[in-house]
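Let the hints inform the model, and build the full structure from the sequences given.
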Amino acid sequence: MSAYLANAIEQGQLVNDWLTPKRLGSMALLQQTSWPTRKTESWKYTSVRSLEKKTFERGTTNDEHAFSSIAGLDAIELVFVNGVLQQLPEGLPAGLSIASLENVPESTQVWAREQFNVAKPSQHLFGLVNDVLADNGVIVDVAEGVTIDTPIHLVNLVSENNETQQRVIVRVGQNAKVTMIEHNTGSVESLVNHVAEYFVEESAELELYRFSFRTEKALTVSGAHVQLAKKAKLNATIVGFGSELSRMDLDVLHRGENAFAKINAIYLLAKGEHFDLHSTIEHEIGHCVTDETVRGIVGEKATAVFNGRIHIHRDAQKTLAELNNKNLLLTDDAKINTKPELEIYADDVRCAHGATVAELDKSALYYMTSRGVSRDTALVMLNFGFINALVDEMPNAVLAEWLRPILKERFVKMNAEL
Amino acid sequence: MSDQIEDAINREYEAGFVSNIESETFAPGLDEDVVRRISAIKGEPEWMLQWRLKAFRVWQKMEEPDWAHLNYPKIDYQSISYYSAPKSMADKPKSLDEVDPELLATYEKLGIPLHEQEMLAGVAVDAVFDSVSVVTTFREKLEEAGVIFCPISEAVHKYPDLVKQYLGKVVPQHDNYFAALNCAVFTDGSFVYIPKGTRCPMELSTYFRINEQNTGQFERTLIVADEGSHVSYLEGCTAPQRDENQLHAAVVELVALDDAEIKYSTVQNWYPGDENGKGGIYNFVTKRGICHTNAKISWTQVETGSAITWKYPSCILKGDNSVGEFYSVALTRGAQQADTGTKMIHLGKNTKSTIISKGISAGRSNNSYRGLVQMHSTAGKARNFTQCDSLLIGDKCGAHTFPYVESSNASAIVEHEATTSKVSDDQMFLCQQRGLDPEKAVSMIVNGFCKEVFKELPMEFAVEAGKLLEISLEGSVG
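Chains as they are written, first to last, in my numbering: chain C, 1 to 418; chain S, 1001 to 1478.
Hints are computed from structural coordinates only; laboratory data are not their basis.
Everything numeric in this text was worked out from a predicted model, so none of it was measured.
Where is the CB? At the ideal position from N, CA and C, for every residue including glycine.
Hints may be right or wrong, so weigh each one.
Calculated Cβ distances over 12 Å to all of chain S for the following chain C residues [to be verified]:
| no. | residue |
| --- | --- |
| 1 | Leu24 |
| 2 | Pro89 |
| 3 | Ser159 |
| 4 | Leu329 |
| 5 | Asp332 |
| 6 | Ala346 |
| 7 | Thr377 |
| 8 | Asn396 |
Where chain S lies over chain C, by a calculated footprint (3+ residues, C-beta under 8 Å) [claimed, not checked]:
| no. | stretch |
| --- | --- |
| 9 | 336-342 |
| 10 | 355-369 |
Next up, the structure:
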């Protein structure tokens, strides 16, 4: 067993709080789980060796971190430094309640405990680690019929040699509407294990943004698990940069008829980075729609992994599901491993997936440079063109405006290394 | 209408009968001694025995793979008999007249063109009845062209240098569990060598039959196409009905040297088991070809039989400008399970591969496409196109797609697309409105769905494949 896992189990046995009844089951599973190797199908292309022998500090230091909120965006800020929530926001809009995981009112505890580990599949190793160790995070509850216009912006900042085990549980009540932004950033040697479970109830809407901007030595394993009830809607945008180890598991469960999920994901990897996105869409019931578009640009010596699974259960007749994955490799030593999977047990469905891997269109580059655009600018423009459609589709325009310069800077960095 | 369907569903497997031919059969069980005995019966030289033993020792240390999307009871390798030969082989028939008439009658029932039909069809048949090649015809005509087409057991004696040079070079002994088992206990199969610059004067064909009860069949086929040569090889199978599952673990190795071309076509119609999947053939096959510079290997398969199919005909595109193709129709019905696909390993520059896979699932069956497209960093400007479509007939079956795409070369282009749909009500309505009964309509739609693959098959085979599909689909419409 790896030192990391042994340590996690040891620490998990010391945890005793209001979630303990649910943690016990995960602990039993975790004790039987072995450390993933290249032979473990879900970790075939992602090595966790950089984490194997590591142990980090947890929640002990409260260092200063420079962080500026998103310009022009009026948001409810939840800033975590090394897993410590800096300030619980006050004066929340009516119908919205947010509780810090360490201090959950008893009435909330009842439902939150019930929902804990329901949307998240049990086989994720780091999900299990999070189950037993999570000691910070928030429980968000949006009351029935309420539309929260102000997005909730959750940020994780982690100091060197620190680790955070964060759990977020969000319930969007019937006919309610909310926007969540999950934002992980940093580059120092540290670990973020960030698991969020979303329960979108009947006719409710969730707008979800997940920005995984942790690079270099910042190790990240994270999960976003969304359960959709009847007529519920999910509109998710994921943007990922890579680091030594960066893995995200996205699970969407269609539990009620006429649920709708739109997922756009982008990954942009600079020199030597690694990013792994595993998405699983479970259609358990009929008449639901999934539309997933994933685009990635992979720079020098970087490796991108995408595994997109769509599982149509026996009763999920009249499902419409589409998955599209396009990749650009910038150099010959860039790598992409993509696997779009379909597993279908119902016959009256329309499902399709596609995957492509190629390089930047040389003739387009030539066209631009021959018209006086410098090569660097042309590269940035072409790269941007590849993913811009997904940025345009972000429902929140302010967020899209904030994101564009960040992406541009990213492209400059990726191209400078060429 | 429903009576008709019921009828068709309950129809017995048409090629299901057991011929009564006395057989010399080993008692069930597998150990080194069995390997030695097989080798001794074949009168093999020492190097061949050592080769088998090495494989057997490797196999003992391996574990049966469980990653495929298949569900079957654990195979007891000790309960299988590893050798069975038609007894009349002992006094070797010199010509067709000397062949056991019952054996010939078996082929007759299956419509195999072994006598004059075969002359008309221009097909040379190396018939594998259980484990020993019984009859090989057209040998002389092939010899004229310098083509070697003989049982591999014969090739071991007659052409040891060629066999030594190529056997196990594409699928080595340690390749996988089933291939290792095959290496240890293979009883026979075909060996083909096409000399430099030769175009094989006829299509080569082997009909396989599994006949002896409780006998695993382990063929080994090796085809070597020397520089600038061309060969088209057909493989077709059908097996009699029986109750116990039969293990089949074949290995096929293709070597296409510079500028050579090999076309390998398979129609597989082994007994799929009864409606609960009981008694069908377990088919675990390793097929792989290597392409040298400018060479081309094309796999075409129509898979309609077997309870379990585990089969991934692959191409290693080693030489620059080499081409790999895979065309497949896999039909599963009843309780059949198929996990099949291909691997295209691009190593050389400007290599190209095309994958067209059509999966049809009916009844309570499960049909999976599993493919790998790998672009190595040396595969500059390589190109792959993959299309896998699934058709579902009925709401109790499953269709799955597991494509692995691994690219480490920026100038390589990989395209993969997959769709899943059912025979639409509109299509059915249109056909029925024009006077076709539902069964005909489905058969026509399915035939259209598979057209891209059928057109790759040699003509006679394409007709057979179409017919096979039609028979297999009977009773699937509801």
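Could you work out which earlier hints the structure fails to respect and list their numbers in ascending sequence? 4, 5, 6
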